[in-house]
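4 protein chains.
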Amino acid sequence: MSDEHELTIRVRYSETDAQGFVHHSHYLSYFEMGRTELFRAGGGDYRAMEDRGLFFVVAQFTCRYHKPARYDDLLTLRTRVSKLSQAKLEHEYRLYRGDELLTTAHSVLACVDSEGNIKRIPEVLESLKRPME
Amino acid sequence: MSDEHELTIRVRYSETDAQGFVHHSHYLSYFEMGRTELFRAGGGDYRAMEDRGLFFVVAQFTCRYHKPARYDDLLTLRTRVSKLSQAKLEHEYRLYRGDELLTTAHSVLACVDSEGNIKRIPEVLESLKRPME
Amino acid sequence: MSDEHELTIRVRYSETDAQGFVHHSHYLSYFEMGRTELFRAGGGDYRAMEDRGLFFVVAQFTCRYHKPARYDDLLTLRTRVSKLSQAKLEHEYRLYRGDELLTTAHSVLACVDSEGNIKRIPEVLESLKRPME
Amino acid sequence: MSDEHELTIRVRYSETDAQGFVHHSHYLSYFEMGRTELFRAGGGDYRAMEDRGLFFVVAQFTCRYHKPARYDDLLTLRTRVSKLSQAKLEHEYRLYRGDELLTTAHSVLACVDSEGNIKRIPEVLESLKRPME
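Protein sequence lines correspond, in order, to chains A, B, C and D. If you use my numbering, the first sequence corresponds to residues 209 to 341, in order. If you use my numbering, the second sequence corresponds to residues 209 to 341, in order. If you use my numbering, the third sequence corresponds to residues 209 to 341, in order. If you use my numbering, the fourth sequence corresponds to residues 209 to 341, in order.
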């Protein structure tokens, strides 16, 4: 799960704003797609994880916007796990248009059960490798 | 619940698109706000209804876009129930900027329980007038 | 441009709502993606069209929601032009999850210049086939 | 413009996700509303500023999510300018539900003209106090 994952994203018209560029809030959805696909590439299934009552929640997000993306741009998102502790899962993101670096970001996730109790992340990730009961 | 409800909405920057106007998808969120507030004005509480395991789902939507809304416009939404049958709850919406009619719409909702079974709407609305058990 | 176009869409987490399904407003963004890709498949480039000061605006939308889509579903959108007149461009949409038909929709677009003046659509589409001056 | 501004926000259904809480991307739109209203309270008009060809762009965002917000929650957003230099305008945000602090955030904005050239922010803010030519 620690390798870098690369995802191609086509900018939707609905993601632009009146300045003609992608609204800064939508990058967080791009990064979420990166997490989903990184997890899938490592053999995980985040939807199945939620069906079992385990949820990753975003605790912190930092995003630096270097250059704007436009409608119909074809972007490349590189997502990787930068840190894994008992309580936190951290990701780094770099979003490119060709060679141009548009956005960099970092997130911290925590894992909770359906009552909101914090779960130990290494155990959660380990158990996800076993088939669902 | 059958009277018309009036709601004031300030257009957010994030709702605009690269044409400089509100993206046509966001009007559906405005109309949803109209339904919530119309329901509240009639003594209902849609959140409490969902907490009891009853959900309104949108079965059909028609929207006519006459004139566009811009960032920071102050809009007036008029929402009313146009029809109530055993299976369907229908609403009509008219969105204004001052005297200008910008958008008109019509929706059909159905009521389901948490397993997706259709519930009779008049009974649901009647039971909502009684205090939660 | 009149043939049917097929687009695969992976449902994003950010498109779901508290009912656990895709919020009904997001389907309009899916359909817009279908229009963009149908246009591209026919040799058009909607972004270049806007750069030349011509814009398609949504005049009417009807959507029927048959079954809900969930996070991480892999959907197939089929988009086609159902009617082309001097003033209007109409599309039909059918959204599937495998063989299940989830949503059907119909839209009417008009073409305007940057001052909002209505343009004749057949001429616009014809001129788009010539190289940009 | 440096005082704190308080804005009341009702959570929309369309802002929730399948976990039942507000999706973490939507807080950025809340904070943008806070900036608009703080600016208005200080006598500014961000829409008029854009009409004159000056734009604030988000260069950096950090958000800490302490507790989640739910559909229909009535939230209080407190927005203030934390720093103003020649090149950057920084804001701090605290979002509450009653006395509970849900989210804190910090943003850095830059000012550009319509060609993307950086403009000196104090001059921009000063000129905005003069009537539009």
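Derived from the structure by calculation, the hints contain no laboratory data. Heads up, a few of these hints could be off.
[To be verified] For the chain B half of the interface with chain D, some residues (derived, Cβ under 10 angstroms), not all of them:
1) Glu214
2) Arg218
3) Arg220
4) Tyr221
5) Glu223
6) Ser237
7) Asp253
8) Arg255
9) Asp281
10) Tyr304
11) Asp307
12) Lys327
Source: prediction; values computed, not measured. Glycine included, C-beta positions come from ideal geometry on N, C-alpha and C.
Quick rundown of the hints versus the structure:
A least Cβ separation of about 15 angstroms between glutamate 214/B and chain D goes past the 10 angstroms threshold, and the interface hint is therefore violated. Hint status for arginine 218/B relative to chain D: holds, with the closest Cβ pair at about 8 angstroms, below 10 angstroms. With a cut of 10 angstroms, the hint placing arginine 220/B at the interface with chain D holds, because the nearest CB-to-CB distance is about 6 angstroms. Here the hint on tyrosine 221/B is kept, as its CB sits about 5 angstroms from the closest CB of chain D, short of 10 angstroms.
With a cut of 10 angstroms, the hint placing glutamate 223/B at the interface with chain D holds, because the nearest CB-to-CB distance is about 8 angstroms. With a least beta-carbon distance of about 4 angstroms to chain D, the hint placing serine 237/B at the interface is held under the 10 angstroms criterion. With a least beta-carbon distance of about 8 angstroms to chain D, the hint placing aspartate 253/B at the interface is held under the 10 angstroms criterion. At its closest, the beta carbon of arginine 255/B sits 4 angstroms from a beta carbon of chain D; the interface hint therefore holds under the 10 angstroms criterion.
About 9 angstroms separates the beta-carbon of aspartate 281/B from the nearest beta-carbon of chain D, less than 10 angstroms, and the hint is met. Taking 10 angstroms as the C-beta contact cut-off toward chain D, the hint placing tyrosine 304/B at the interface is violated, the least distance being around 19 angstroms. Checking aspartate 307/B against chain D: minimum C-beta separation of about 20 angstroms lies over 10 angstroms; hint violated. Taking 10 angstroms as the C-beta contact cut-off toward chain D, the hint placing lysine 327/B at the interface is violated, the least distance being around 19 angstroms.
Of the hints listed earlier, those the structure fails to meet are numbers 1, 10, 11 and 12, in rising order.
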